[in-house]
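J.: Given the coordinates of chain C, work out where chain A should sit on it, guided by the hints.
Chains C and A are the protein sequences, given in the same order. Residues 0 to 268 (numbering that gives the first Met the number 0) make up the first sequence, in order. Residues 0 to 268 (numbering that gives the first Met the number 0) make up the second sequence, in order.
These are calculated hints, taken from the structure and not from any lab test. All residues carry an ideal CB built from backbone N, CA and C; glycine is no exception. One should not assume that every hint holds.
[Claimed, not checked] Not the full set, but computed from the structure, chain A residues with beta-carbon under 7 Å of chain C:
1. Gly36
2. Ala38
3. Arg55
4. Tyr147
5. Tyr180
6. Pro195
7. Met197
8. Tyr199
9. Ile242
Protein chains: 2
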Amino acid sequence: MTGAYVHGYDARESERLRDQAGSLVELLHADTSYPAGSAVLEAGCGVGAQTVTLARNSPGARFTSVDISGASLRQAQAKVEAAGLANVAFREADVFDLPYGPASFDHVFVCFVLEHLARPAEALARLKTVLRTGGSMTVIEGDHGSAYFHPDSAAAREAIRCQVELQRRAGGNAMIGRQVYPLLVGAGFEAVRVSPRMVYADASRPQLVEGFTRRTFTAMVEGVRASAIAAGLTEPAHFDAGIRDLYRTAEADGVFCYTFFKGVGEKPR
Amino acid sequence: MTGAYVHGYDARESERLRDQAGSLVELLHADTSYPAGSAVLEAGCGVGAQTVTLARNSPGARFTSVDISGASLRQAQAKVEAAGLANVAFREADVFDLPYGPASFDHVFVCFVLEHLARPAEALARLKTVLRTGGSMTVIEGDHGSAYFHPDSAAAREAIRCQVELQRRAGGNAMIGRQVYPLLVGAGFEAVRVSPRMVYADASRPQLVEGFTRRTFTAMVEGVRASAIAAGLTEPAHFDAGIRDLYRTAEADGVFCYTFFKGVGEKPR
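Isolated chain C, as found in the complex:
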């Protein structure tokens, strides 16, 4: 079959990025940098989890990071100032009602935002209007349906489903990662390229086991315990068994897999 090399290269490149990544931040963001002088909108910066990395990787670019939460913005601003970065401006704004005119930005970056929106396609369309033609749109999303592990556990899968269901009831979609490609294409972006970023954690990668399996993914699922029980989605003992089984995958013979999807498209000229 022709073309196999190109696809294989993408997968190996993804693997290389993962192996080189000292952290999830590198895995997701190491290949994002913007030219000096360019204006970049970070839409939905939250508490600035990505903002410092973005601004540091593109010291000559000017970032505008917006979020609907003023409290989150203040945390983001504190992080950026603590890092000694001066190339980020913050503004309280709704992705669906941006205070910017057409073509105000050279590039737009959206990370872990679409998963929380009831109308992700419309959000991309709105963001496209403030992007200049030829500018890039970058989207990064996780997908909880990509989580699998050893030892497998029905209770662990059900605990994850509690998180998915709560997010769905809040209007979001915790399994949106696999849809990054159709969302970008559907919003009219061109030259769309999606690359999965798989986190694979076994005992030979202790930092990922600790940093991702335990402290990121399992801690996140554990965090919905009260809400899931209150919503009648699970029983305390059953949920707790699922969490124990998720921590079990972080033991010496355990394996945990999860995939993020990063898509980049261009606004047609």
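T.: Relative to chain C, chain A alone:
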């Protein structure tokens, strides 16, 4: 070897394995090459789907490819001869009763074999005895639990589960990929490193959509239709809806994800 080979031995299956190797050859095998003069055992070569690639990538190595099926071996041999390769010897043999003494090989290679065995850990232990100390063991396996797609479909997931269940009843494990690390460590190999090889297919990668989503994965699941119905695992209309939904993921806005796991370990000195 225990258990029937769930994929069967018919012509279409042979074609599927060839297509699979053709589309994934770089992804799975590009980083496997053996030094000139080394003796390599390919255990469970089947119809030779990987043998030509292995032998071509390591022209100075001497391969011994064994399989329990004489008919499969003859097909493998024909492929190798058609490729003009002279560095492969074939022999009919059972992985659990190998006709080789201790430390007969410098390296051992096993691909898509453990998934069919009721005692994969014991198979690795047997293979370890014919490997010299310091030699490498390479294992490649898929994991049907790693398959997810857009649009999501309960019927499609259930069709895949039919395949998983049939393989389980035949003594195998179609979700063994995630266990490659603990299996290798458990068998006493050292410096074990597992790297996932994710196949991500969207419309921007048409060869992969055709070669993997349609002609490899969906064709494989489709191939268990009669067995799954005969075993009472599904109803014809429901199974067919699942297959339609799997083909649906190969349309312009569809996405299909699957992951293979490649592990390499060393026999302790």
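J.: Each hint: holds or not?
T.: Right, here's what the structure says about each hint:
no.: 1; hint: Gly36; in the structure: violated (27 Å)
no.: 2; hint: Ala38; in the structure: violated (27 Å)
no.: 3; hint: Arg55; in the structure: violated (14 Å)
no.: 4; hint: Tyr147; in the structure: holds (5 Å)
no.: 5; hint: Tyr180; in the structure: holds (4 Å)
no.: 6; hint: Pro195; in the structure: holds (5 Å)
no.: 7; hint: Met197; in the structure: holds (5 Å)
no.: 8; hint: Tyr199; in the structure: holds (5 Å)
no.: 9; hint: Ile242; in the structure: violated (20 Å)
Violated hints, in rising order: 1, 2, 3 and 9; the structure is consistent with all others.
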